[in-house]
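A.B. asks: Sequence:
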Amino acid sequence: MANIDVSLKEMLTIDGAIGAAVADYGSGMALGTLGGSKDLDLQVAAAANTEVVKAKLRAMDALKLSDAIEDILITLSTQYHIIRPLAGRGGKGLFLYLALDRNRANLAMARHQLRAIEDKLEI
46 MANIDVSLKE MLTIDGAIGA AVADYGSGMA LGTLGGSKDL DLQVAAAANT EVVKAKLRAM
106 DALKLSDAIE DILITLSTQY HIIRPLAGRG GKGLFLYLAL DRNRANLAMA RHQLRAIEDK
166 LEI
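Going by the working numbering, the sequence shown opens with residue 46, and the numbers climb by one from there.
Just so you know, the hints here were simulated from the structure itself, not pulled from any lab data.
Take the hints with a grain of salt, since some may be wrong.
Once the Cα atoms are required to be at most 27 Å apart in a straight line, the calculated BS3-like pairs of lysine-lysine come out as [unchecked claim]:
#: 1; residue 1: Lys83; residue 2: Lys137
#: 2; residue 1: Lys54; residue 2: Lys137
#: 3; residue 1: Lys101; residue 2: Lys137
#: 4; residue 1: Lys165; residue 2: Lys137
#: 5; residue 1: Lys54; residue 2: Lys109
#: 6; residue 1: Lys109; residue 2: Lys99
#: 7; residue 1: Lys54; residue 2: Lys165
#: 8; residue 1: Lys101; residue 2: Lys165
#: 9; residue 1: Lys109; residue 2: Lys137
#: 10; residue 1: Lys83; residue 2: Lys109
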């Protein structure tokens with residue numbers, strides 16, 4: 046099992062990773078961040094993406110979908126942003142956030158690796 050710091054380090058080893066965060070979508074607070082750049086403030090990204098998660102949960106509720114969000118993908122012209130709500134082991138209300146350089150990342154592999162990191166994360 047891995048803690049938040051170890052998980053963030055693993056997230057940054059994913060090809061194309063720019064920045065990573067573990068955040069609470071109830072409060073908008075980042076529990077931990079690693080990486081980022083002058084153009085990617087991970088504290089701001091974590092807070093802003095809480096609204097994305099909440100909006101999707103509201104939409105699912107309105108549609109009466111009884112499914113769970115596996116991940117939310119935002120595709121930009123130069124980046125991929127993956128939001129992965131945590132399931133199980135005390136992770137309810139938290140999500141992993143990973144920003145990738147689109148030219149260096151393999152999206153399918155990144156999603157696979159992020160799922161494996163989630164499985165090892167102990168909150």
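A.B. asks: Confirm or reject each hint.
C.D. replies: Consistency of the hints with the structure:
1. Lys83 to Lys137: Not satisfied, since the Cα-Cα distance of roughly 30 Å exceeds 27 Å.
2. Lys54 to Lys137: holds (21 Å)
3. Lys101 to Lys137: Holds, because 15 Å separates the two Cα atoms, which is no more than 27 Å.
4. Lys165 to Lys137: Status holds; Cα separation ~15 Å.
5. Lys54 to Lys109: It is violated: about 37 Å lies between the C-alpha atoms, which goes past 27 Å.
6. Lys109 to Lys99: At roughly 15 Å apart (the allowed maximum being 27 Å), Lys99 and Lys109 satisfy the hint.
7. Lys54 to Lys165: holds (13 Å)
8. Lys101 to Lys165: holds (25 Å)
9. Lys109 to Lys137: holds (20 Å)
10. Lys83 to Lys109: violated (40 Å)
This entry does not satisfy hints 1, 5, 10, going by the numbered hints stated previously.
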